[in-house]
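Throw the hints in and build the complete structure from the sequences for me.
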Amino acid sequence: MSPAADLVRQSAAVLAEAIAAGEVSSREVTQAHLERIVDVDDRVHAFLHVDAQGALEAADAVDRARAAGDALGPLAGVPIAVKDVLATRGMPTTCGSRILEGWQPPYDATVVERLRGAGIVILGKTNMDEFAMGSSTEHSAYGPTHNPWDLTRIPGGSGGGSAAAVASFESPLAIGTDTGGSIRQPAAVTGTVGVKPTYGGVSRYGLVALASSLDQAGPCTRTVMDAALLHSVIGGHDPRDSTSIPEPMPDVVAAAQRADVRGMRIGLVRELSGEGYQAGVLQRFTEAVAILEDLGAEVVEVSCPHFDYALGAYYLILPSECSSNLARFDGMRYGLRAGDNGDRSVEEVMSLTREAGFGAEVKRRIMLGTYALSSGYYDAYYGQAQKVRTLIQRDFAAAFDQVDVLISPTAPTTAFRLGEKVDDPLAMYLNDVATIPVNLAGNCALSLPVGLAPEDGLPVGLQVMAPALADDRLYLVGAALEGALRDRWGHLLIEEAPAL
Amino acid sequence: MTDPIPFDQALQAFEPVIGLEVHVELGTNTKMFCGCPTGFGAEPNTQTCPVCLGLPGSLPVANAQAIESIIRIGLALNCDIAEWCRMSRKNYFYPDMPKDYQVSQYDEPICVDGHLDITVPTDDGPVEVRIDIERVHMEEDTGKLTHAGGDTGRIHGADYSLVDYNRAGIPLVEIVTKPVVGTGRLAPAVARAYVAELRDIMRALGVSDVKMEEGSLRCDANVSLNRPGDPWGTRSETKNVNSLRSVERAVRAEIERQAGVLDGGERVVQETRHFHEDTGVTTPGRSKEHAEDYRYFPEPDLVPIAPSREWVEELRATLPERPSVRRARLAAEWGIGDFEMATLVNAGVLDLVEATVAAGVAPDAARKWWSGEFTRVANERDVDPADLPVTPADIGRVEELIASGALNDKLARQVFEGVLAGEGTPDEVVAARGLAVVSDDSALLAAIDAALAEQPDVAEKIRSGKVQAAGAIVGAVMKATRGQADAGKVRALLLERLGVSDA
Amino acid sequence: MSAITRGEVAHLARLARLALDDDELDHYAAQLDVILQSVARVTEVAADDIPPTSHPVPLVNVYRDDEVRPSLAQSEALAAAPAVEDGRFRVPRILDEE
Ligand SMILES: [Mg+2]
Ligand SMILES: [Zn+2]
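Chains as they are written, first to last, in the numbering used here: chain A, 1 to 500; chain B, 501 to 1003; chain C, 1004 to 1101.
Treat the hints as calculated values from the structure; they're not laboratory data. Incorrect hints may appear among the rest.
Label-pair distances were calculated between CB atoms; the ranges are [as the list claims (entries may be wrong)]:
#1 C/Gly1090 - B/Ile836: 48 to 56 Å
#2 C/Pro1054 - A/Asp294: 38 to 46 Å
#3 A/Arg89 - B/Gly872: 53 to 61 Å
#4 A/Glu455 - C/Glu1047: 34 to 42 Å
#5 C/Glu1047 - A/Ala279: 26 to 34 Å
Chain B is faced by these chain A residues, among others (derived, beta-carbon under 8 Å) [what the hints assert, rightly or not]:
#6 Pro105
#7 Pro106
#8 Ala109
#9 Tyr205
#10 Leu207
#11 Val208
#12 Ser212
#13 Ser213
#14 Asp241
#15 Thr243
#16 Ala327
#17 Arg328
#18 Met350
#19 Tyr382
Just so it is clear, CB atoms sit at the ideal spot from N, CA and C, and this is done for glycine as well.
Here it is in structure tokens:
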């Protein structure tokens, strides 16, 4: 195949085919990406940890298997970057936090186990907002990730590292996690593809929980087909996760191949556009809607009135669950222990450890959640928020009675500048306004790039939302739209990103 | 600080209200939410995994056997079984709790509104008391703390503590009574009888080994006092009550203490107290004035529990006979009294005796072997009687040999000695050790003649009609035959030989 | 909703085991207030007859068989511990008992 510089620009599907055909070895592909990381990651800072040796060993194992004539999985030998919120045996797992600095889990997350089982080569762990709290990756204890389109801008969050790794051609594939948009919003602002699978569709075992009832891992890629291939590797029932859905997954790869929206009814969510959305975002979104109509879909406007309350419900449910999920970081069994001078009590040491180990946003949400769950406030806050969740599920159900999928802009704006919103939590929270309803309801969504905003030349994402367990519809629409845009531009949008 | 008031005096002025919270560790093979084993006494932190260590990213999956066990417990306690309920998180920081929350149940327990009728022994005969059960819920146990340095072994004054998480995550069932009122001076005995009855039920259900000394049954006793006609008083919660006797003593001690406090014009503080087995008094633990805010919310990592009515009825059909009912029935069948029954129960051999009777052995013989010989050997070996290598069928066989005259009592003991030593079945032991009653008359007569010759004066006494003197000759014959003769037969032959009748 | 006082924030910090300094107490008092006011809109819509949704998927009765799985070795269990003694996790002294 082509020289290393070209290898890193290929899609995962193309690389996998070339490896399977013997045109290139997994070692060559892996080496090319490791070199790319060396070349650009000092500026992008997508990775917290690179495991060159482990990656090359995994690549060699695939090459040996191929030489032995073993059947290879559809993405075998292709490199991947894993968000540092998934447990990896033999590699640190920090969740972007000081409190877990250097922690090496004695086990693999189910997603990681499935990646390894499929012969996918893990390059390392990607940067993220601390414990996945944030929309800019500026809340990482290890410094921010930079947007490959403009290094002075945020790559989105919390999975900014995974999106940036894919957008900067450091890795063709990455795993993200999405609690309120942390896969989709970074995809939107980096010109990449991100999928939040149906809740229960991908095992959460080994995913360090932020909000257990909202978290879901999913693919970060440059093409819709790559996302489908990765989705099919990591998805499916896992008996170690009680919330894992036992029913078989729909065939997302077949859907991405079909790439057909003819006769499909697409709902445009009235509440997720207009005020608060950047003009260029709305412009590219509207153009994409027209393309979908050209492709044979019927687009109608639908109303989901309770989406207006989604952000409020989310910022009660998430902090509540997270205040409990993050309690275990107390310096007793693993991770940081601060202030233990032999005289202080266990309560003091726990408090000093958590004070020293957590960043400002994490502490803010722990405090908020502790308040929302405390006696006297539970019904008013957490209880009410859970009711809003019911109302949002009903809105979705009513909408999906009329249409097959819903669409909206993924994020209200393009990538903002690093530092611009870091001290304004409310402004930061608004980034997730369009992505949160899907997490609250437990259904699935995909974001794909639909162009650059005229005013700043930065990528704009469109979000497709489908009912729970209808993840295949995301790929039908996503692949069709991606194909039409590629035809129009003559290439993928990501090809326009700076070379770095 | 006021002094306690003697019990009888306290009861003249005050009425006690008691409440009992009993924690039972289930005897499942694995923990509540992971596949780690639950055996007692393993090396520290060798029965742990990412789940029960609460490692980041790990997730719980509920143990089906534990859910089944708690439903059976609820049914045995006449509870309603919820059609739909959830586990909750109880949030508080403590180093014995790996996640810093306990997976428990809050406002949606699996079993509610039950009752248990118990019999309380009193000086005036047995009294029936109904204990209402508020709830039975599912939760997970914590790890075990050891306090080190300083005033070693005690939490206060220790320099640091050590944690073993082997116990963390073992399924615990918490059984909470409604307030028990109107028991007056019987309150301590009621508390004890209730816990004893619960323990028997757990054993009969086969859901727990309920060993209070190993902590698989733990009891907290709530006690308050009020003057007749007044509203209930402030309660204390006494923890660390680790034997049946302690349950009774702790309730009594709290009644005496609180009566002293109230009588002295002070008020009872709502607090946790600790019972000390050695001194029989309670001392204050943490005051509940600043109660912890547990911030309960539904556990999002687990899905709701919704036992189908069909399943509940299937489980109801598996319930064993109530232990107290069974004891009364067996006592009547075997013709024994309360004392003999209590001996069997306390020795832990009731099931074994029942099985032995079922194998065809007479109740008296079955009781004799199990509560005598076998209990002694089990104690010596420090094992459960049921784990001895002797079966009801073995006892049946030995009794058969005794009835046929092939063995006498003394030989039978030697046969069991062999069986317990692992030498094989009773028949194999008889053969190998050459154990058989000497029934050859000529051999016995020779031995009798030899004994008579050795003791001519005794022989003369017997001849002259003092039949009671025969014992000395019989004893000598038994000695000469090393016990392998039938003493009755020796006596008959002797009297015949000397021509006297056994008048 | 009424404003959150500094005292309340201090109480929350204790519940959450966060040794916040004085500046942080003031900072979070102000911020929590703003955030709570902005999210308090949820109380506008959720009527009494709306059931709460705690779990986004309608699964019930997910159990595992009572079969022993391999545990970690003691060395693995203790590998990341800040302090260890006699095969146990060593923790600072506990002032009071639960
Ligand atoms: Mg409890
Ligand atoms: Zn375990």
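What are the numbers of the hints that this structure violates, sorted from low to high?
-> Result: no hint breaks.
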